[in-house]
Amino acid sequence: MKVAITSTGNSPEAKLDSRFGRCSYFAILDTESQGIEFIPNPNKDSIEGAGPASAQLVASKDVTKVVSGEFGAKVKSIFDSLKIQLVMLPDSEKTISEIIELLNHKN
Amino acid sequence: MPRPKRIRRVTNPPHFKGFKPLGLPDGGAPVVINFEEYEAIRLSDYDLHGQVEAAKIMGVSRPTFARIYESARRKIAEAFIDGKNIVFEGGKVYFDSDWYSCNDCGCWFNHTEKEQEISSCALCGSANIQPYSEDDDAQLEEVCQCPQCGKEFQNFQASDCNGDICPECSCHMIRKSMSPHRRMRNQKCRMQ
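Heads up: the protein sequence lines correspond to chains A and B, in order. If you read the first sequence in this note's numbering, its first letter stands for residue 1, the second for the next number, and so on. If you read the second sequence in this note's numbering, its first letter stands for residue 1001, the second for the next number, and so on.
Don't take every hint at face value.
Here are the simulated distance ranges between beta carbons [what the hints assert, rightly or not]:
(1) A:A59 <-> B:R1003: 51 to 61 Å
(2) A:E98 <-> B:Q1051: 44 to 54 Å
(3) A:E48 <-> B:R1006: 17 to 27 Å
Calculated from the structure, these hints are not laboratory results. Ideal Cβ placement from N, Cα and C applies to all residues, glycine included.
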């Protein structure tokens, strides 16, 4: 199973980005192999439509779960129709590695 | 120009594309069932909700729900009798899902696979979760108030409160959440 986490930087020590569409990086975690791939977000400075474009990028990586601080209204319905689970962590100061730890705790 | 259609909420879209009749050569135009019609059938005949309840879940009025449901049944009947294919497609809908919050890690998550019961947090795996509901506003909408004595009653019909009459002072009731200037207009009892 693959999980996408929005990140402010390209290392596991970076914090969770509170925005989905205009986050700096997407961390794609493979829960089986524990491999992490950091993808810079090309829609970071978009004026409009950053959410749907980012959703497309994330969906193309076959993730089943997305962790972020918040999601916009356009994004929510896209992910719902793609059956991708959304996880919101409001006002979180957690780092990527802490979130990965939380996710692993489950498995 | 008619008022635009309200966008219908679909909480559980079908996970396959349609139906095919057995033992017929493939041909003919398929019957297109909208997602909203699929949802109406699911809510009424599968989850066994009443029409008032189902209409509320889809975010439309009760008469509109009845029309969607009626149209769905006619399409299904047409497909059954004429042996046509059924495809699920289109409709003025948006997809929605149920949200839960976790009391341990403070996260919010939604639930996309309705078939599976949710029992643990999507992030930390804790069982200490609770469903999130936004019923507070909706409940205010359903309370009727008597302008004379101020008594409140639950409006079970989901209808206009104006049709209901207060048993104490036989006034026409008004909706509790009604805006003040409409409220004034409806205070017929005081005028008399």
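Structure-based check of each hint:
1. A:A59 <-> B:R1003: 51 to 61 Å: 34 Å, violated
2. A:E98 <-> B:Q1051: 44 to 54 Å: 48 Å, holds
3. A:E48 <-> B:R1006: 17 to 27 Å: For E48 of chain A and R1006 of chain B the Cβ distance comes to about 25 Å; the hint holds.
Checked against the numbered hints above, the structure violates only hint 1.
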